[in-house]
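Asker: Working from the sequences, and respecting the hints, build out all of it.
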Amino acid sequence: RASCETGGSTPSDDALVSDGTGASSRVSVVATSTSSPSSTSVDPTEKEKASSWKSSQPRALGVPTNQLPSHVAIIMDGNARWANENGLPINLGHEKGVEALRTVTRCASAWGVDVVTVYAFSHENWKRSKHEVSFLMKLLEKTLMDELFDLNEQGIKICVMGDLGMVSDTLRTAAKNAAATTKNNKNMRLNVALSYGARQDLVQAARSLALDAAAGHIAAEDITEEMIAERLSSNFSGGGYDEIGTGGVGTSSAGKKKTAASREPDLLIRTSGEQRLSNFMLWECAYTELYFTETLWPEFGEESLRHALETYASRQRRFGVRGE
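So that you can map any letter, position 264 of the sequence shown is 268 in our numbering, and since no number is skipped, the others follow by simple counting.
Derived from the structure by calculation, the hints contain no laboratory data. What you are looking at is a predicted structure, and each value in this text was computed from that prediction instead of being measured. Ideal Cβ placement from N, Cα and C applies to all residues, glycine included. It is possible that part of the hints are untrue.
To be verified - The list that follows gives simulated cross-link-like pairs (lysine to any residue, SDA-like), each with its CA atoms no further than 25 Å apart:
(1) 134 - 94
(2) 134 - 203
(3) 190 - 203
(4) 134 - 89
(5) 100 - 89
(6) 142 - 90
(7) 131 - 286
(8) 134 - 190
(9) 190 - 61
(10) 190 - 67
(11) 131 - 96
As the list claims (entries may be wrong) - Ranges of calculated distance between the beta carbons of each label pair, as one might list FRET restraints:
(12) 317 - 130: 35 to 41 Å
(13) 92 - 130: 22 to 28 Å
(14) 224 - 280: 29 to 35 Å
(15) 277 - 219: 44 to 50 Å
(16) 211 - 66: 42 to 48 Å
(17) 131 - 303: 23 to 29 Å
Answerer: Structure follows, in structure tokens:
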């Protein structure tokens, strides 16, 4: 279910792939690029023209480091509505959404956010029309390939979580290639939730624990919250999924010590005015600060992210304890 490479392999080496049961298999990692409607290689000149990575750095963020969220999760909503409001095909709304993601990733990295997790394609999104699903799959694959050079150059590590067994072989390969290429990067981690559903994730975690209990490896009364969390696809630090770092403990770009708790978002942003979690990281977001904005995702840029982070910094997180 999760892919985030570590170790000394190169992009052409084999990569571990989890099947969601704790078992791992190996697939050959080969760089591919798919554009709609046909597969083509990326023209470097066109890629540079389209990339905002060459843009000027964002203005400094007036938020002290200790008030900055380490982990920001984003439900990127409103692509279709933006397209409809502008009299454009929905596909163009999704493409515009990629530009917004590029801008947000660039700003978050520059401002010292350690982890950004984006809801790219939900388990429920498979119920959409075949035409839209096909386009989104190709767009996701193309984006992973087109943005890989810049993401790697900026020191951003790419991880993918969700049920990758449901996506195409070429998209799965692109995801593994991105993870393998960026596995040693330490500036920021970009988690992509792909074919992901929190309820489905919890079910597979429960099945994994049930199998261990039936085999006599653990006793039912010994099951803890930590054991459940270790079996979720948001866990990139072992426990049946591919590892990153050193067993889930590392040092962030801001010099802060990180543990497995870093998989729990500090702040969740949802765009387009909707105010629900939509089966996204339900376990991990138990104490996450929620930020809802009417801004449609394609219009969510530097100033929108700045306002969200400033709002987060103004809140007092109590975790069930009374504030002082």
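Asker: Give a verdict on every hint.
Answerer: Status of each hint after checking the structure:
For a cut-off of 25 Å, the pair hint linking residue 134 to residue 94 stands: about 14 Å separates their Cα positions. Pair hint residue 134 plus residue 203 holds up; C-alpha atoms about 23 Å apart against a cutoff of 25 Å. For the given pair, residue 190 sits about 30 Å from residue 203 by alpha-carbon distance, which is inconsistent with the 25 Å threshold. Between residue 134 and residue 89 the CA atoms are separated by roughly 23 Å; this keeps the pair inside 25 Å, and the hint holds.
Restraint check for residue 100 and residue 89: satisfied, since their Cα atoms lie roughly 13 Å apart, inside the 25 Å limit. Using a Cα cut-off of 25 Å, the hinted pair residue 142 and residue 90 holds, with the two alpha carbons roughly 23 Å apart. Between residue 131 and residue 286, the direct Cα distance comes to roughly 21 Å. Compliance with the 25 Å bound is thereby established for this hinted pair. At most 25 Å may separate the alpha-carbon atoms for a hinted pair to count; residue 134 and residue 190 exceed this at roughly 38 Å.
Taking the CA atoms of residue 190 and residue 61, the gap is about 19 Å. The hint holds against a cut of 25 Å. The hinted pair formed by residue 190 and residue 67 meets the criterion: a straight-line CA distance of about 22 Å does not exceed 25 Å. Proposed proximity of residue 131 and residue 96 is supported: the alpha carbons are some 20 Å apart, at most 25 Å. Take residue 317 and residue 130: their Cβ atoms lie about 37 Å apart, and the range 35 to 41 Å holds.
Taking 22 to 28 Å as the suggested C-beta distance range, the pair residue 92 and residue 130 conforms, at roughly 24 Å. Separation of residue 224 from residue 280 is about 33 Å and conforms to the stated range, judged on CB atoms against 29 to 35 Å. Taking 44 to 50 Å as the suggested C-beta distance range, the pair residue 277 and residue 219 conforms, at roughly 48 Å. For residue 211 and residue 66, the hinted distance range of 42 to 48 Å is satisfied, since their beta carbons lie about 47 Å from each other.
With their beta carbons about 26 Å apart, residue 131 and residue 303 fall inside the hinted range of 23 to 29 Å.
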